[in-house]
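Throw the hints in and build the complete structure from the sequences for me.
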Amino acid sequence: MQKVYPDTRAALAGLLKDGMTIMAGGFGLCGVPEQLILAIRDSGVKNLTVVSNNCGIDGVGLGLLLDTRQIKKMISSYVGENKTFAQQYLAGELEIEFNPQGTLAERIRAGGAGIPAFFTRTGAGTQIANGKDEREFDGNRYIMERGLVADLSIVHAWMGDTEGNLVYRKTARNFNPMMATAGKVTVAEVEHLVQPADINPDHIVTPGVYVKRMVHVPNAVKHIEQRTVRKRTAAPAGTGEEV
Amino acid sequence: MAWTREQMAERAAKELRDGFYVNLGIGIPTLVSNYIPQGMSVQLQSENGMLGFGPFPYEGEEDPDLINAGKQTVTEIPTTSYFSSADSFAMIRGGHIDLSILGAMQVAENGDLANWMIPGKMVKGMGGAMDLVAGVKKVVVVMEHSAKSEPKLLKRCTLPLTGAGVVDMVITDLGVFTIDKKRGGGMSLVELAPGATLEEIRSKTQASYYVGNALAAA
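Residue numbers (my numbering), protein chains in the order written: chain A, 503 to 745; chain B, 44 to 261.
In case anyone wonders, no lab produced these hints; they're calculated from the structure. Misleading hints may appear alongside valid ones.
Claimed, not checked - With the Cβ distance kept under 10 Å, some of the chain B side facing chain A (calculated, not the full set):
1) A112
2) P203
3) V209
We put the beta carbon where it would ideally sit given N, CA and C, even for glycine.
Okay, structure coming up:
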């Protein structure tokens with residue numbers, strides 16, 4: 503069984519159809535499977551429901567699929583940094599379902615683990631609870647949230663072996679590991695492609711069972727959304743200095 | 044007179060304790076990290092999936108794979124750990140984070156909090172705020188006392204809620220309030236900023252509140 507495909511287009515061949523649901527890893531522009539997003543753009547597939555914490559920024563990440571109007575609906579926790587998003591939403595061309603970030607993460611984790619629903623305190627007593635089952639446990643109110651799965655998950659990993667075992671780097675991990683478990687098919691782009699046994703088995707975050715197809719993206723460009731730095735002369739203060 | 048943004052952050056830092064795991068929101072709450080007392084061990088949590096982060100990187104050392112929940116480039120420290128967003132929110136919802144300091148548009152006397160949307164305007168989304176206020180042990184709001192002439196401390200929030208009965212403390216430019224959210228004991232004014240008066244606070248606060256004994260006697 504060969505999991506590694508020669509390029510992103512080949513890795514997605516036969517998997518894309520109009521109206522499908524796609525999960526895309528990433529937080530902001532960090533850990534986003536942008537090379538696979540570019541291939542989805544070039545395929546022309548449309549009316550997509552996309553599950554992703556954010557929707558990129560104009561012209562970057564999932565913003566690429568907004569420019570081409572391939573997205574019908576977003577399931578996200580925060581979409582504030584995207585003018586095209588605002589325009590299409592206000593024009594009624596784009597639907598949005600907001601989920602609290604932890605609820606979104608847990609819905610995906612649950613979906614991937616075969617758990618159809620769970621109870622959480624997050625959102626109890628707010629409009630997020632509207633239409634959802636509520637129960638009291640140990641004196642607290644909880645609302646029921648459904649597990650979430652997708653026709654396709656696309657994830658970005660730092661390193662992967664040809665068996666599909668994945669390792670992520672720093673905060674680029676974010677939603678990628680859960681999404682890898684919740685796609686009927688999961689396609690991973692990896693910055694470094696190695697052979698089995700090249701990764702210490704103790705360090706593998708996503709076991710290969712979740713990954714059906716892989717593509718090597720050694721030249722993926724990474725973007726920074728908020729470049730914040732400190733001056734070399736300044737004493738190391740906290741994180742609050744904005745430069 | 045009244046507290047500046049920095050002084051509000053400095054006052055919020057007094058809620059830190061040695062060994063605390065803390066989540067700081069965007070804006071004034073971020074400044075709290077500048078006032079962590081020397082020798083106190085406080086680990087900052089970033090809900091995208093990082094525990095223990097350091098200051099902004101030196102120019103030229105920014106790493107696109109290393110950002111905080113505000114999408115700003117940050118740095119690693121010796122205690123840093125990385126994890127998925129699901130693990131991050133398990134930490135938050137499971138009650139393992141000691142303190143959340145965040146901003147607000149409105150707070151009600153029963154501890155209700157509104158900080159994520161204004162109906163009729165473009166809505167950006169709640170991000171992790173609803174999870175933080177529902178799951179973190181202690182929730183401290185830092186905000187301006189009023190928005191122009193509109194009070195922000197209300198009997199009931201008029202904006203859609205982020206959480207119901209979730210706020211423990213409110214620090215404004217004029218003073219500090221505590222809210223007994225668990226037993227429904229209401230809101231109390233416990234500190235005045237230098238130069239602020241009980242009369243000024245009364246005129247800028249719609250919520251009902253008790254005045255602590257020390258302040259009432261002053």
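Q) Any CB of chain A closer than 10 Å to the CB of B/V209? A) holds (9 Å)
Q | Closest C-beta approach of B/P203 to chain A relative to 10 Å, hint status | A | holds (5 Å)
Q | Residue hint B/A112, partner chain A, criterion CB-CB below 10 Å | A | Since chain A brings a Cβ to about 8 Å from B/A112, closer than 10 Å, the hint holds.
Taken one by one, the earlier hints all hold for this structure without exception.
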